[in-house]
Amino acid sequence: MRRDFEVIAHTADIGIVAKGADVKQAFANAARGMFSIITELDTVKEKEHRRIEVTAPDREALLVNWLNELIYLFETKEILFNRFDVTHLTDTELKAVGYGEKLDLAKHHLKREVKAATYHTLKIEENGGCKVRVLFDI
Amino acid sequence: MTSPWHEVLHKIDDYRWEIPTSYKTGMRVSGLVYSSEIMLSHIWEENVFEQVANVAFLPGIVGHSLAMPDIHWGYGFPIGGVAAMRVEDGVVSPGGVGFDINCGVRLMRTNLTEAEVRPKIDRITTEVFNNVPSGLGMKGKLRVSNRELDEVMVKGSLWAAERGYGDLADVEATEESGCIKGADPDKVSGRARERGMPQLGTLGSGNHFLEIQRVDEIYDLNTAKAMGIQEIGQVLVLVHSGSRGFGHQVCTDYVAALGQAVRKYGINLPDRQLGQKVRHQFTRPSACLCAGEIARGAGISGGNGLCSELRMDESTVHRSLGQRVAG
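Here the protein sequences come in this chain order: P and L. Under my numbering, the residue at position 48 of the first sequence is numbered 56, and the numbers go up by one with no gaps. Under my numbering, the residue at position 279 of the second sequence is numbered 717, and the numbers go up by one with no gaps.
This is chain P alone, in the form it adopts within the complex:
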């Protein structure tokens, strides 16, 4: 399997470096990487989907808001996501569809609680493709 993201550790923090052919893909893979910290992605089936829209003052904030939106959805609607299609992306606006299923503690093993995405050492690099780095507060 192609490695679209990598989980990284920084002292007491955990984060991800995600890659993509473009920013849309990198944002989608970052979200996938985040859910790989929360649970085993293999155990999450694509049973339902959800449309997600996020806005922010700039691109860095958009990445943070996007991931925080997903944390909110997971915590309150109890949905685990396995895959994302980012369908629309500007510097200030993101539209996406997330695919996954309802949390079932009998089936899904929760590994870690991710409480928030942070700006700490956040990076968005565009060089042909796109590479992003985000640390999470856990």
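Since the hints were made in silico from the structure, they are not lab data. Please note that a few of the clues may not be correct.
Pairs of lysine-lysine, DSS-like flavour, derived with a Cα cap of 27 Å [claimed, not checked]:
#1 L:Lys625 x P:Lys85
#2 P:Lys131 x L:Lys462
#3 P:Lys55 x P:Lys119
On the provided structure of chain P, position chain L as indicated by the hints.
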């Protein structure tokens, strides 16, 4: 041999070290680190003096950017960092409060000894697991309405005591009675409520814990006595919990909503993490929004301290004093 920190820190006495404003252009006040020289070597490895210096950039900071002996790397603010702000021109930086607003530890004394507890430890641990909801995806046994959640925010530990999860002596032994005056629940978003409500009365996961401990050594007899700690081998329970998703969502909401405040007011900050958390100046109409918000998180967390269905005899000061707003 000269230690690397000698170039950065000026020794005041054996336990106080100054980071002068000349260390970084833009520091409004100097940094002051409380530490022994032995501990400095550990602190140095974390590069945390940078963060102490960064906090000194915040508008309205009074005195020094302070670092407590437990200082370690945080988000924007170091953990264990303390800063006082003037009301007129100061800012509120939730990085100083911590996202898990008002998280803290409580020490509960028992009248049991290790000899009595150890043979039954399996049963006790099972009971604790059954009665204290903890870990990921766990919801509390408490069900509260939105209106009741307002009360938790305002009353803190008193709310829990009124519900029978403790008594008034417990509330008195909690810092600020587990709440902060001035809380205004109307400023809390529906999202924070959604995240907070099912978690009320839960311990949490990650670095939140409940430990059954025994007294190993008593360093200060009088202080120990005041806490009801009388002998080696006495069994105590230590709990670390916080406002969990509620506090995080409160911070997340305001980070998103006021992210541009730094630019708007032309505040020069070396670290965006710090900047993103800078709130409106107090004198602006919405200024106290964040301060009130933080007060509310404190209430929820205070409630959580008592709702773990255990009684407390004494509270201890947590690692992080956080940012205090000074008048």
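Results for each hint:
no.	hint	verdict
1	L:Lys625 x P:Lys85	holds (22 Å)
2	P:Lys131 x L:Lys462	holds (24 Å)
3	P:Lys55 x P:Lys119	holds (21 Å)
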